[in-house]
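Engineer: The hints should help you fit chain A onto chain R, whose structure is shown.
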Amino acid sequence: SQKIEQNSEALNIQEGKTATLTCNYTNYSPAYLQWYRQDPGRGPVFLLLIRENEKEKRKERLKVTFDTTLKQSLFHITASQPADSATYLCALAGGATNKLIFGTGTLLAVQP
Amino acid sequence: DTAVSQTPKYLVTQMGNDKSIKCEQNLGHDTMYWYKQDSKKFLKIMFSYNNKELIINETVPNRFSPKSPDKAHLNLHINSLELGDSAVYFCASSPFSSVTTQYFGPGTRLTVL
Numbered sequence: 001s002q003k004i005e006q007n008s009e010a011l012n013i014q015e016g017k018t019a020t021l022t023c024n025y026t027n028y029s030p031a032y033l034q035w036y037r038q039d040p041g042r043g044p045v046f047l048l049l050i051r052e053n054e055k056e057k058r059k060e061r062l063k064v065t066f067d068t069t070l071k072q073s074l075f076h077i078t079a080s081q082p083a084d085s086a087t088y089l090c091a092l093a094g095g096a097t098n099k100l101i102f103g104t105g106t107l108l109a110v111q112p
Numbered sequence: 113d114t115a116v117s118q119t120p121k122y123l124v125t126q127m128g129n130d131k132s133i134k135c136e137q138n139l140g141h142d143t144m145y146w147y148k149q150d151s152k153k154f155l156k157i158m159f160s161y162n163n164k165e166l167i168i169n170e171t172v173p174n175r176f177s178p179k180s181p182d183k184a185h186l187n188l189h190i191n192s193l194e195l196g197d198s199a200v201y202f203c204a205s206s207p208f209s210s211v212t213t214q215y216f217g218p219g220t221r222l223t224v225l
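Chains as they are written, first to last, in our numbering: chain R, 1 to 112; chain A, 113 to 225.
For reference, chain R alone in the conformation it holds in the complex:
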């Protein structure tokens, strides 16, 4: 069955450092992959989308890579800030229905 795994433990880093979050998947060939941010008590908010034929995407301090051979995506936040503390979800999709399959999420805590 399809499986999507993210860093199972919370990730604690110091302000100013680069946070790197991992998303690994099996038994799936997604057409594209998305990253969302979720704050406590709120719905997920879209951050970045990367297609299967793209290696890397950037948006301000955010960078996503997508390796379809390794079946892995890495999500980087450079110059991290305490305001970046949240749960980050990766989601895979493919097919005409735009059905998203979400990973388990990684809780990021940026310490001042």
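Derived by calculation from the structure, the hints in this document are not laboratory data. Predicted model only: the values in this text are computed from it and were never measured. Watch out, some of these pointers could steer you wrong.
Distance condition first, Cα-Cα at most 27 Å in a straight line; then the derived DSSO-like pairs of lysine-lysine [said to hold, decoys possible]: (1) A:K156 - R:K99; (2) A:K153 - R:K99; (3) A:K152 - R:K99; (4) R:K63 - R:K17; (5) A:K153 - A:K131; (6) A:K148 - R:K99; (7) R:K99 - R:K63; (8) R:K3 - A:K121; (9) R:K55 - A:K152; (10) R:K99 - A:K121; (11) A:K152 - R:K71; (12) A:K131 - R:K71.
To spell it out: a stretch of chain A is covered by chain R in this simulated footprint if at least three of its residues, at any positions, have a beta carbon under 8 Å from a beta carbon of chain R; those stretches are [as the list claims (entries may be wrong)]: (13) 147–154; (14) 212–224.
Ideal Cβ placement from N, Cα and C applies to all residues, glycine included.
Structural biologist: For chain A alone, coordinates are given in the frame of chain R:
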């Protein structure tokens, strides 16, 4: 201006009751979704409607019945509530496309006692 709104925000009810959650989007999107997020924060698709037509139904018990009166609204009715239905339910919407992002509502926390 709220893009995707849900009511109520919190819902506490007894086992066996019937309840509804409402969702509205003002983004002009064609497609709407219902997700369930369990206590372990795992977010799973339940249903999707495109322009009032059901396009995704993820083997959800038939006690759950989505209803889309128009493409801006997607309501979720749950019959005979069970303890295991306790979760946060999120509505989302997107333009109809094979590659697009989804916009989520604030969620409805359902607690079944």
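Engineer: If a hint holds in the structure, say so; if it doesn't, say that too.
Structural biologist: Comparing the hints with the structure gives:
1. A:K156 - R:K99: 10 Å, holds
2. A:K153 - R:K99: 18 Å, holds
3. A:K152 - R:K99: Distance ~21 Å between A:K152 and R:K99 Cα, so the pair holds.
4. R:K63 - R:K17: 14 Å, holds
5. A:K153 - A:K131: Measuring from Cα to Cα gives roughly 22 Å; hence the hint holds.
6. A:K148 - R:K99: Holds. A:K148 to R:K99 sits at ~14 Å (cutoff 27 Å).
7. R:K99 - R:K63: 23 Å, holds
8. R:K3 - A:K121: 31 Å, violated
9. R:K55 - A:K152: Violated. R:K55 to A:K152 sits at ~31 Å, over the 27 Å cutoff.
10. R:K99 - A:K121: Status holds; Cα separation ~25 Å.
11. A:K152 - R:K71: 24 Å, holds
12. A:K131 - R:K71: Distance ~41 Å between A:K131 and R:K71 Cα, so the pair is violated.
13. 147–154: holds (count 3)
14. 212–224: With 8 residues close enough to chain R, the hint holds.
Comparing the model with each numbered hint stated earlier shows that hints 8, 9, 12 do not hold.
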